[in-house]
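In order, the protein sequences belong to chains A and B. With the numbering used here as the guide, the letters of the first sequence map in order to residues 35 to 315. With the numbering used here as the guide, the letters of the second sequence map in order to residues 294 to 524.
One or more hints might be untrue.
[Claimed, not checked] Below, a list of computed lysine to any residue pairs in the SDA-like style, where the Cα atoms sit at most 25 Å apart: (1) A:Lys249 <-> A:Glu313; (2) A:Lys127 <-> B:Asn381; (3) A:Lys298 <-> B:Leu301; (4) A:Lys298 <-> B:Glu303; (5) A:Lys183 <-> B:Val369; (6) A:Lys195 <-> A:Ile207.
In short, the hints are calculated from the structure, not lab data.
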Amino acid sequence: MMMARSRAGLWLALALALPSSPAPALARSNVVILSTTTSTQDSGLLDVLVPMFERKTGLTVKTISVGTGQALALAARGEADVTLAHAPSVEKKYVEEGKMSNRRLVMYNDFVIIGPPADPAKIRGVPKAVEALKRIAESQSRFVSRGDKSGTHVLEHGLWKQAGVEPKGAWYIESGQGMGQTLGIANDRRAYTLTDRGTYLAFQKRVDLPILVEKDRPLLNIYSVMEVNPANGPRVNAAGGRAFAEFILAPDTQAVIKTFGVDKYGQPLFVPIAGKKDEDL
Amino acid sequence: MSLFGEGLLEALRLLVAGDPEVWQIAWLSLQISATATLLSLLIGVPIGALLALSRFPGRALAVSLVNTGMGLPPVVVGLFVTILLWRNGALGFLELLYTPAAMIAGQLVIAAPIVTGLTLAAVQQVPEAFRLQMLGLGASRIQMIWVLLKEARLPMLAAVMAGFGGVISEVGASMMLGGNIKGSTRVLTTATVLETGKGNFDLAIALSVILLVITFLVNWALSWIQQRRRA
Chain A
35 MMMARSRAGL WLALALALPS SPAPALARSN VVILSTTTST QDSGLLDVLV PMFERKTGLT
95 VKTISVGTGQ ALALAARGEA DVTLAHAPSV EKKYVEEGKM SNRRLVMYND FVIIGPPADP
155 AKIRGVPKAV EALKRIAESQ SRFVSRGDKS GTHVLEHGLW KQAGVEPKGA WYIESGQGMG
215 QTLGIANDRR AYTLTDRGTY LAFQKRVDLP ILVEKDRPLL NIYSVMEVNP ANGPRVNAAG
275 GRAFAEFILA PDTQAVIKTF GVDKYGQPLF VPIAGKKDED L
Chain B
294 MSLFGEGLLE ALRLLVAGDP EVWQIAWLSL QISATATLLS LLIGVPIGAL LALSRFPGRA
354 LAVSLVNTGM GLPPVVVGLF VTILLWRNGA LGFLELLYTP AAMIAGQLVI AAPIVTGLTL
414 AAVQQVPEAF RLQMLGLGAS RIQMIWVLLK EARLPMLAAV MAGFGGVISE VGASMMLGGN
474 IKGSTRVLTT ATVLETGKGN FDLAIALSVI LLVITFLVNW ALSWIQQRRR A
């Protein structure tokens, strides 16, 4: 905290001195910009991992947590050095286009479909998420979507496609906000929604919508780390980005991920899977 | 107990216990917004005074632009300044994005038109006869402007309060330009958004209360300066 404070002070001093010295760019190569999803930040995991990394390497991480869509778009413009995301289909597209490289699996947790206890669409216990969404659409039961190109939204979109449903109409509500706010809206409107289990656990006190559908293979929420192609823009810190990717896959870090959340929720929030491939899951 | 009550208690607990992270966030908010306000005075007061006292073609347009600028949406400022500061952007070589300096720059863009507009109004409300009399008595133009600003100091302090109030409370630009990075660019407003997103509503309320207290204390001090010679 002391260090962080003096660093903030330094930047303030630089800001004040800006008109006379327009070159505060010195020593920025030890800054790594990590673009990532809101769920990793909201879960608190990065608050544990980032200081570990900074202590180990002496590098400073700037974590920009936005939706997966924006996280990848920023990286593709060279505005970040490494990306931790959870939308495999979109990630693979970026890798194919050469914008990102070395995509490796880090961890997973899972998505669940929650909804009002009265369950008007009768989806409780349905094994297949796609079938559950079909029933929600057929009964025109309210469903709240993130609608923000986040990893969660991308997955939801894929499920609707498989269900052969074009979700629109008064029953389909697009919140355009993060998972937490979206859970609040779903709770308020007594609607169904798709959420990652971590955020759901964090909101248990405020949300009384039970889990109705879970443990279907398409509901796996897989996080991958990708390095940013230095050709995406000037000043990409490729070495720093790679260092973070190596760090998050290292056995010590994976061990921390394995137990993260147990103290607060009585169960871990993520399952570490470094070294595995998409096909293994 | 109600959620709001819990939040108030939490605020009290954090303030009394002196939680280092909360203090650091509060102190950073104050530093950034105070710096931005001071810089906006350096820019806004001369321009406002100049606009008030000079007559030139296009002045009406300039005044309307300033008045429009007083209502600049912070999120729009945030977006434009972010694009400028991107590594790929025109000012990318400065490598300022996601630093307090970037947040100050954004807040300066928000506050400067407010200070300019209110200075303009403050100086203009001093009767023209007073100005002419001063010039008649042999005052130089600089001397006259100085006396005018002193004469207009009450509304000028209002300009400071409006500028500071505008920037310490905004969240859009700070979020985009600072990135809400823990220990470095996390300020009270962005921390409140984050904690709300995490479902920590009591902490979010606590941070909001601290923000209100800071804003109140600053305005109280400024109002005290403004009003003390009235009695």
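Okay, the hints, checked on the actual structure:
1. A:Lys249 <-> A:Glu313: Judged against 25 Å, a Cα distance of about 17 Å means the pair holds.
2. A:Lys127 <-> B:Asn381: 22 Å, holds
3. A:Lys298 <-> B:Leu301: This hinted pair holds, its Cα atoms lying about 23 Å apart.
4. A:Lys298 <-> B:Glu303: 19 Å, holds
5. A:Lys183 <-> B:Val369: 21 Å, holds
6. A:Lys195 <-> A:Ile207: 17 Å, holds
Of the numbered hints given earlier, the model fails none.
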